[in-house]
Amino acid sequence: MTGGEVCGLLVASPAAMENAASDHEDEVAMEGLKWEEPVQSVQELVEKVGVRKVPSMYIRPMKDRPTRAKRGAVAAIARDSWIMDRLPAIDYAALQDEKKRHFAAKELAMACEDWGAFYLINHPIPSSLLHAVQQVAKEFFQLSLQEKQVYANTPNSLIGYGSRMGTSKNTILDWGDYFLHYVWPIEDQAIDESWPRKPPHYRYIIGEYSKKVHKLYEALMGIFSENLGQESNYLGNYFGDGATHILRMNYYPPCPQPHLTLGLGSHSDAGGMTFLLQDEVPGLQLKKDNKWIMVNPLKDALLVNIGDQLQILSNGRYKSVEHRVVVNKHAPRITIAIFCNPADDNIISPAPEFIDKNNPPLYKSMTYGGFLLSFFKKGLDGKGYIESLKRKHQESCCI
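Position one of the sequence shown corresponds to residue 1 (full-length UniProt numbering), numbered consecutively onward.
In short, the hints are calculated from the structure, not lab data.
Every value quoted in this text rests on a predicted model; they were computed, and no experiment measured them.
Glycine included, each C-beta is placed from N, C-alpha and C at the ideal position.
Don't take each hint at face value.
[Said to hold, decoys possible] Simulated pairs of lysine-lysine, DSSO-like, Cα-Cα distance not exceeding 30 Å: (1) Lys287 with Lys106; (2) Lys287 with Lys319; (3) Lys357 with Lys106; (4) Lys106 with Lys212; (5) Lys106 with Lys53; (6) Lys138 with Lys212; (7) Lys390 with Lys291; (8) Lys364 with Lys329; (9) Lys288 with Lys106; (10) Lys383 with Lys299; (11) Lys53 with Lys319; (12) Lys383 with Lys215; (13) Lys99 with Lys198; (14) Lys63 with Lys390; (15) Lys329 with Lys138; (16) Lys63 with Lys198; (17) Lys53 with Lys215; (18) Lys100 with Lys319.
[Unchecked claim] Quick list of the computed label-pair ranges, beta carbon to beta carbon: (19) His330 with Ser56: 21 to 27 Å; (20) Gly229 with Glu193: 40 to 46 Å; (21) Asp381 with Lys291: 14 to 20 Å; (22) Val46 with Asp381: 24 to 30 Å; (23) Glu44 with Ala93: 42 to 48 Å; (24) Pro256 with Lys211: 38 to 44 Å; (25) Asn296 with Ala152: 31 to 37 Å; (26) Gln257 with Asp381: 32 to 38 Å.
Start from the sequences, fold in the hints, and give me the full structure.
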């Protein structure tokens with residue numbers, strides 16, 4: 001299967017083929033890139049160096065800092081007014097129950113259109129496995145720096161262990177480290193050395209978790225498709241047989257000046273859908289109605305984010321959610337995300353079913369691989385990249 005045709009649903013136009021060629025040029029340009037500055041593990045800065053002030057390369061501009069002014073003073077990020085319980089909680093068991101499915105599916109559609117995120121509760125992944133995943137992630141970050149650097153990544157590939165994203169010089173860095181690798185198709189990972197051998201039970205636990213998340217992904221994609229008025233295999237066909245899942249474990253160390261920096265800069269996820277497993281430490285913030293809202297961790301729930309590709313495919317009906325991570329002085333935070341993405345060579349554009357005279361296509365066509373390369377080359381910038389595609393399309397329509 002090629003990127004030009006996905007089960008008859010996606011046909012590449014001449015313009016799309018030009019975009020694909022441009023994507024290839026971007027890929028060639030990415031080869032041979034080097035980090036502009038030395039890469040420093042934030043965990044090492046905190047645990048070994050013992051920094052008491054945030055180094056300048058981590059300090060955010062005032063407008064991006066996670067603080068608010070109140071009566072002339074800076075309010076702490078942990079204020080109760082930042083915590084909220086309004087994020088929709090979707091009952092997966094109800095989605096599987098014939099009597100409850102219609103109402104639960106309606107709630108899910110509203111969450112995708114209004115929030116771009118929701119908690120998935122009563123899902124079939126056992127609590128014991130979720131806790132094992134959290135434990136193995138903790139054990140990985142407890143390895144020595146030398147052991148982790150065996151998997152160090154490069155600007156040419158984010159796969160591996162690292163501490164920065166974006167290749168631009170003087171990029172403001174995030175207060176956190178991460179480890180990233182493919183987890184689906186699972187058969188391809190059997191001898192993949194990007195999967196660490198330490199901790200010794202890592203491969204088994206992450207493999208089992210990845211299989212179960214994939215089943216949830218397939219089920220939700222089917223319900224998303226039906227909620228959009230299509231057959232249950234509609235979105236899955238668009239993503240293609242080469243669709244992949246990538247796991248990213250995040251470690252956010254305590255920070256001596258959390259009001260100056262972010263654990264992860266503001267962004268929306270570039271792919272299709274993200275499953276996030278959190279520990280008990282708050283830190284995730286979603287942007288809703290132009291305000292940042294702290295999300296309270298919910299025990300054994302998975303937080304699901306809508307990504308840019310579903311926003312593009314649905315022509316803006318589903319919304320990818322802008323989010324960021326704040327840090328604190330006292331406790332590290334560990335999260336595990338699985339990103340569910342289209343095949344790299346699939347050309348993604350607003351689907352014909354969501355275009356009419358009252359709803360023109362909002363985004364230009366391009367391969368997912370090309371989208372991703374440009375996304376990471378630019379670095380995290382809120383929803384700036386997908387919005388720039390929208391503006392370019394609208395400008396071209398007016399010429």
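Indicate whether the distance between the beta carbons of Val46 and Asp381 respects the range 24 to 30 Å. Once the Cβ atoms are compared, 26 Å apart, the range 24 to 30 Å for Asp381 and Val46 holds.
For the pair supplied as a hint, Lys53 and Lys319, is the alpha-carbon distance within the 30 Å limit? violated, 37 Å
For the pair we were handed, Lys287 and Lys106, check the Cα-Cα distance against 30 Å. holds, 22 Å
Holds or violated: are the alpha carbons of Lys364 and Lys329 at most 30 Å from each other? violated, 43 Å
30 Å Cα cutoff - pair Lys383, Lys299: Answer holds: Lys383 to Lys299 is near 29 Å, not above 30 Å.
30 Å limit on alpha-carbon distance, applied to hinted pair Lys99 and Lys198: violated, 46 Å
Under the criterion that the straight-line Cα-Cα distance not exceed 30 Å, is the pair Lys106, Lys212 satisfied? It holds: about 24 Å lies between the C-alpha atoms, which stays within 30 Å.
Is Lys106 within 30 Å of Lys53, Cα to Cα? violated, 48 Å
Is the hinted pair Lys329 and Lys138 satisfied, with a Cα-Cα distance of at most 30 Å? Holds, at about 19 Å.
Proposed proximity, Lys390 with Lys63 (alpha carbon, max 30 Å): Holds: Lys63 and Lys390 sit about 24 Å apart, inside 30 Å.
Quick check on a hinted range of 42 to 48 Å for Glu44 and Ala93, using CB atoms only. Holds - the Cβ-Cβ distance for Glu44 and Ala93, about 43 Å, lies within 42 to 48 Å.
Given the hint of 21 to 27 Å, check if His330 and Ser56 actually sit that far apart at their C-beta atoms. The hinted range 21 to 27 Å holds for His330 and Ser56, with Cβ atoms some 23 Å apart.
Hint compliance for this structure: hints 5, 8, 11, 13, 16, 17 and 26 are not met, and every other hint is.
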